[in-house]
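Quick note, the sequences are listed as chains A and B, same order. Each residue of the first sequence is one higher than the one before, counting from 115 in my numbering. Each residue of the second sequence is one higher than the one before, counting from 36 in my numbering.
The set of hints was computed from the structure by calculation and includes no laboratory data. A few of these clues could be false.
Mimicking DSBU-like on lysine-lysine, the simulated pairs with C-alpha atoms at most 35 Å apart in a straight line are [to be verified]: (1) B:Lys348 x A:Lys134; (2) B:Lys473 x A:Lys204; (3) A:Lys134 x B:Lys254; (4) A:Lys210 x B:Lys167; (5) A:Lys211 x B:Lys561; (6) B:Lys348 x B:Lys411; (7) B:Lys155 x B:Lys348; (8) A:Lys204 x B:Lys561; (9) B:Lys348 x B:Lys254; (10) B:Lys315 x B:Lys425; (11) B:Lys356 x A:Lys204; (12) B:Lys425 x B:Lys443; (13) A:Lys210 x B:Lys348; (14) B:Lys254 x B:Lys356; (15) B:Lys315 x B:Lys155; (16) B:Lys561 x A:Lys210; (17) B:Lys540 x B:Lys83; (18) B:Lys81 x A:Lys207; (19) B:Lys315 x A:Lys131; (20) B:Lys550 x B:Lys83; (21) A:Lys131 x B:Lys425; (22) A:Lys131 x B:Lys540.
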Amino acid sequence: MSKTNTQEILQSSAFKKLVKNRWNISLSFTFIMLFVYIGFLLLVAYDKESLKMPIGESLNLAILIGLGIILFSWLITGAYVYWANNYYDKAVKEIKKEII
Amino acid sequence: MSLNLLLQISPEATPSTLGTANPVSIAIFFLFVAVTLYITYWAAKKTKTGSEFYAAGRNISGFQNGLALAGDYMSAASFLGIAGMVATKGYDGLIYSIGFLVGWPLIMFLVAEPLRNLGKYTFADVVAFRLKQRPIRIAAAAGSLLTIAFYLIAQMVGAGSLIKTLFGLDYEIAVVVVGVVMTSYVLFGGMLATTWVQIIKAVLLLSGASILVLLALAKFNFSPAELFLSVKSQYGADMLAPGGFITNPFDALSLGLALMLGTAGLPHILMRFYTVPDDKAARKSVFVATGFIGYFYVLTFFIGFAALALVGKDAIVALDKGGNMAALLLAENTGGSAFLGFIASVAFATILAVVAGLTLSGASTISHDLYVHVVKRGVSDEKGEMKVAKRATIFLGILAVALGLMFKGQNVAFMVGLAFSIAASANFPALLMSIIWKGFTTKGAVWCMVTGATLALILIVLSPTVWVDIMGNSEAIFPLKNPTIVSMTLAFVVGIVVSLVQPEKEAADLFESEKLRTYLGHGSEK
């Protein structure tokens, strides 16, 4: 690969868009995860009472939220994999065609 | 997490076969060791080059690596400790385990793919990619080795006391056995053997814990609702809701950050991303690992509550104050002494696998980062590097045994927290900034890592965890139990300020051309 070719790719709008999209998605997902987890910790620290709210006969809000966060953590990594496999990888393939 | 509390055990308290030589557990344990040593023999024939020793030839599939990551991460401490925490403190145990899980999505979003594309064998490869090799390698090696050492001490001491309790074997013999077997895995079979040990252990642990939950739930007509009702009627509704675990929100946040971001800075976890062929497989492995680890924590939650309902809090605490025996007592209660033997040997296998992963990661830091890039300044023949890697493995094996013996009977529970704290304060900030920030410089990175590691160490000594609980002073100098909120924030600040004060033009220029490799995988290690 020649040096000019490298520069062309780095300067191309397709590549710039790829990098921008990648971090837009990654950082948004990161902040969602931080928000969910830190929100949970603050809720536990400041409002234990509302977490005791019963749901049905045997469950309560705390258990539902706790197990929900575990499921959510997995689903959000799944969402990222879905995006990366379907959009990111395709864009990478397109750009890689340009590399001589 | 306090496996060391096992030392407070009083076996005469309950009529349990714990602590006696259980024929089933001995048989299964020997079977495990025989199978894994055979795999090591098989792997040894395929482990000749550096890439084979450190990264299993990058031939592990995404799914396999996901299982191996889960195996590396699910320690005996989290199996027995978290189940025990739920069994004694109820819901609070779940808060702890959630902290251990939420770091995984962040590994996915922030580091997994760039790490795979930029690096070769260690995370320092990524940080040093466009910066000056020697200072970065030295600082990153210090961060890695400190993290590994503290993690290793906690595991070895836990192993000694656990095996003593489970098999009635002497603490010293147990520590030596663990040291010898795990050193053999790493020394002869390298990453390939270590990976398969992790995979087998993960499958054993996940299936063992699943069977345990099924057997326990069978006593509640397979209805979790009935289990919760039983806990509620015996111990009150408060057991099912947050209790005293989080009193100071800053403490909670600091521990939360350590668990979450420390996971993304653990050298033995990061190293696993080099075993897969490309970034796509790296991504898949995080998804698989997150699923299995999450499922595992759900299981420990049910194991804890089932132990509480079926075995009873008094019986659990009578055997061990920290509740660490809850899962084993539940196994005996639901499946008899044969099943107890099975679960006990799974716990033993778990420890072996985790310490093997740690040792391999430490050996690669010594040979790849320190020997090749610092001593030999980047020019070394593969033969020489492998020789150093093997010597480092033997050295670390001996060190692990020595540390295990040295810290016998000491309170080492805080060391896992400290390992995560150093990982979050020294390794993670430098790794993240080197990936995303063009202006990051050599000096900035070194100062960032030195600040993070030093502060984490000093502040934990001054914290209530060590200053009051271990050294017996009446009041702590630093108020938080976990220093991460301070040490990590300052590591970021120092890294940014030092980089801004003295920019490094070559590093910024290289950042642009590095992008082809970071985002397209162009030129990545195959």
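Numbers of the earlier hints that this structure fails to satisfy, in rising order = 1, 3, 6, 7, 11, 13, 17 and 21
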